[in-house]
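When you get a sec, could you build the whole thing from the sequences and use the hints?
There are 2 protein chains.
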Amino acid sequence: MLDLSNPSLAASRPAGAASPVVAIVGATGAVGVELLKCLEARGFPLGALRLLASARSAGRTLPFRGRDIVIEELTEASFAGVDLALFSAGSGISKRYAPIAVAAGAVVVDNSSAFRMDPAVPLVVPEVNGAALAQHRGILANPNCVAAIATVALAPLHRAHPIRRLSLATYQAASGAGAAAMEELRASTAAYLRGEPYAPTVLPHPYAFNLFSHNADIDPASGYNGEELKVVAETRRILDAPGLPIGITCVRVPVLRAHAMAINIEFDAVVTPEEARERLAAAPGLRLVDDRSANHFPMPSEASGRDEVLVGRIRTDIGDPSGRTLALFVVGDQLLKGAALNAVQIAEALRA
Amino acid sequence: MLDLSNPSLAASRPAGAASPVVAIVGATGAVGVELLKCLEARGFPLGALRLLASARSAGRTLPFRGRDIVIEELTEASFAGVDLALFSAGSGISKRYAPIAVAAGAVVVDNSSAFRMDPAVPLVVPEVNGAALAQHRGILANPNCVAAIATVALAPLHRAHPIRRLSLATYQAASGAGAAAMEELRASTAAYLRGEPYAPTVLPHPYAFNLFSHNADIDPASGYNGEELKVVAETRRILDAPGLPIGITCVRVPVLRAHAMAINIEFDAVVTPEEARERLAAAPGLRLVDDRSANHFPMPSEASGRDEVLVGRIRTDIGDPSGRTLALFVVGDQLLKGAALNAVQIAEALRA
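From first to last, the protein sequence lines are chains U and D.
Take the first sequence: its letter number 138 is residue 138 in full-length UniProt numbering, and every next letter is one higher.
Take the second sequence: its letter number 281 is residue 281 in full-length UniProt numbering, and every next letter is one higher.
Just so you know, these hints were derived from the structure itself, not from any lab.
Values in this document were obtained by computation on a predicted structure and should not be read as measured data.
There could be a bad hint or two in this list.
Unchecked claim - Covered, in the sense of this in silico footprint (three residues per stretch, anywhere, with C-beta under 8 Å from a C-beta of chain U), are these stretches of chain D:
1. 204-215
2. 252-262
As the list claims (entries may be wrong) - Simulated restraints, written as ranges between beta carbons of each label pair:
3. D:S222 x U:A131: 37 to 47 Å
4. U:D217 x D:A120: 45 to 55 Å
5. U:R56 x D:R60: 56 to 66 Å
6. D:E196 x U:R42: 49 to 59 Å
For every residue, glycine included, the Cβ atom is placed at its ideal position computed from N, Cα and C.
Right, here's the structure in full:
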């Protein structure tokens with residue numbers, strides 16, 4: 001049985017080594033479905049694939065590489081023989097079952113927030129801090145979707161010129177709240193267009209042609225919501241910039257599956273838009289969409305279903321008289337780079 | 001005939017003076033329709049009401065106070081006997097016909113950008129800089145919708161503590177691009193939900209469950225678009241803060257008629273959220289929506305059709321270590337405070 005849990009073994013294992021037994025925990029969720037698609041599209045080597053979910057979903061099947069795979073109920077015995085477990089079933093499930101999976105010999109890549117701030121657990125965006133992978137002791141954390149997408153665009157600049165201060169305003173898609181929220185956006189919008197009332201059940205506010213401050217609970221001391229505080233803490237960790245001042249407003253917009261963000265980046269010195277454009281164009285995982293004459297910049301409609309994070313509207317922030325702040329607009333697929341794709345990229349990097 | 005064009009006369013005229021003859025130029029547009037509704041809802045005194053539009057619309061009728069008013073074609077002769085002309089038919093029409101209306105004895109309140117930066121034309125949000133009204137020489141400019149909505153929330157703070165720097169990210173509704181854009185949002189979304197293709201004709205990008213950088217042309221030198229540069233210039237003028245550094249990203253979101261904005265405000269000294277909340281709660285034209293425990297903050301669904309600008313998410317910006325920056329979230333009806341209502345409020349203030 002392939003053992004990915006030992007980093008020194010993983011590092012020395014040649015490409016094309018024995019294919020691991022992979023389990024997906026939360027296979028029926030919005031991210032779970034994308035994990036399956038990513039594994040299939042990228043030809044991830046699989047000794048076997050096991051789909052784990054709640055008792056409610058057990059017995060159903062999901063298609064994979066032309067076959068139907070039966071979903072099994074997640075139990076404490078589920079991880080026998082599993083080499084790699086991709087968790088995407090919420091923080092509570094991860095806290096309970098990830099240690100069990102590790103004890104059974106699996107490496108866990110966890111998409112929840114359960115372990116992201118645990119100093120013993122690497123929080124990884126492979127293009128940004130792939131070196132942190134080697135530190136793992138069985139669990140690796142997949143970042144918050146905004147942090148993952150933002151850091152892909154921030155890292156190439158931060159490496160060249162340390163970032164001194166960040167400000168973000170987000171435009172976050174329904175998918176971040178799961179498949180049911182995406183369906184609520186579709187159904188409530190259809191009802192609105194028919195002139196019919198619709199009572200939201202997944203999100204706390206009407207969603208049809210509406211937007212609202214992110215629905216995570218507010219920290220009474222700071223007035224920031226949980227999503228914003230996650231992005232701040234995780235962005236600092238991924239960029240290895242402890243204490244970096246980050247201001248952020250997280251807003252849920254009526255978009256299905258790609259997150260957008262307006263980012264203002266203050267540096268210690270002037271960084272020209274031309275230099276930033278060159279660095280971003282050359283960076284992995286990014287695609288420059290910055291056509292001023294055609295008014296063509298990153299959009300959710302072009303980022304959805306796409307691996308790359310789109311970056312554009314690169315300009316010197318006219319709101320900072322020092323000229324040391326750049327503004328840019330970044331859009332990435334929340335389910336891909338913001339979740340499933342990054343998790344699979346972590347798994348690929350472990351095998352590389 | 002009532003002469004509102006002489007400010008000293010206007011200032012001395014008692015309430016309940018003879019009712020003016022009012023013309024609406026661009027009566028069939030999204031803002032034109034709201035102008036009619038505002039005049040009706042607010043009981044604006046009218047000697048007569050004339051609806052002016054292009055030859056294409058002439059002969060149609062629009063309902064007003066239970067009657068049908070026939071739309072007349074706009075010509076150079078249209079303004080004979082008109083005391084007050086509310087223009088909302090684009091910059092070109094305003095540039096051509098507003099001087100003709102003034103020469104015919106009318107006061108013009110212009111909703112286009114034609115005269116907003118003309119030093120001889122007051123640019124007015126009555127709650128903010130109503131004193132500027134008295135300077136007019138026949139034309140008054142109604143601000144850009146983002147500038148009008150933002151300054152209602154900024155002025156009560158700026159008056160108490162001079163603002164030193166501003167940063168905005170907007171979430172702008174379809175209505176800012178007119179009634180046809182609102183219809184394109186509805187129709188393209190309906191097509192999307194049916195799984196059918198839709199070719200946009202009004203806006204340059206797909207709009208269903210999508211967002212994009214504001215479609216105004218980009219200034220090649222700065223990389224800012226025309227909408228952003230308008231907001232910067234007009235906000236400075238309305239707040240009487242020449243040279244105030246303002247950074248901004250304007251984004252069109254799939255919302256029908258209310259603009260939202262995340263605003264970060266740097267002051268010369270610390271301003272606490274508690275103080276800001278008190279000042280904003282007491283300010284005219286604003287409504288505080290800032291319930292952290294219920295996660296209830298300003299939303300387009302609650303601002304649409306409403307006169308007040310909603311403000312909330314008031315907190316100290318954790319991205320500024322000096323503690324001198326406040327963050328807040330502001331939403332206002334683009335067609336009301338962002339356009340028609342503010343124009344009618346200017347007309348009311350002229351009569352007061």
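Hint numbers not upheld by this structure, sorted from lowest to highest = 6
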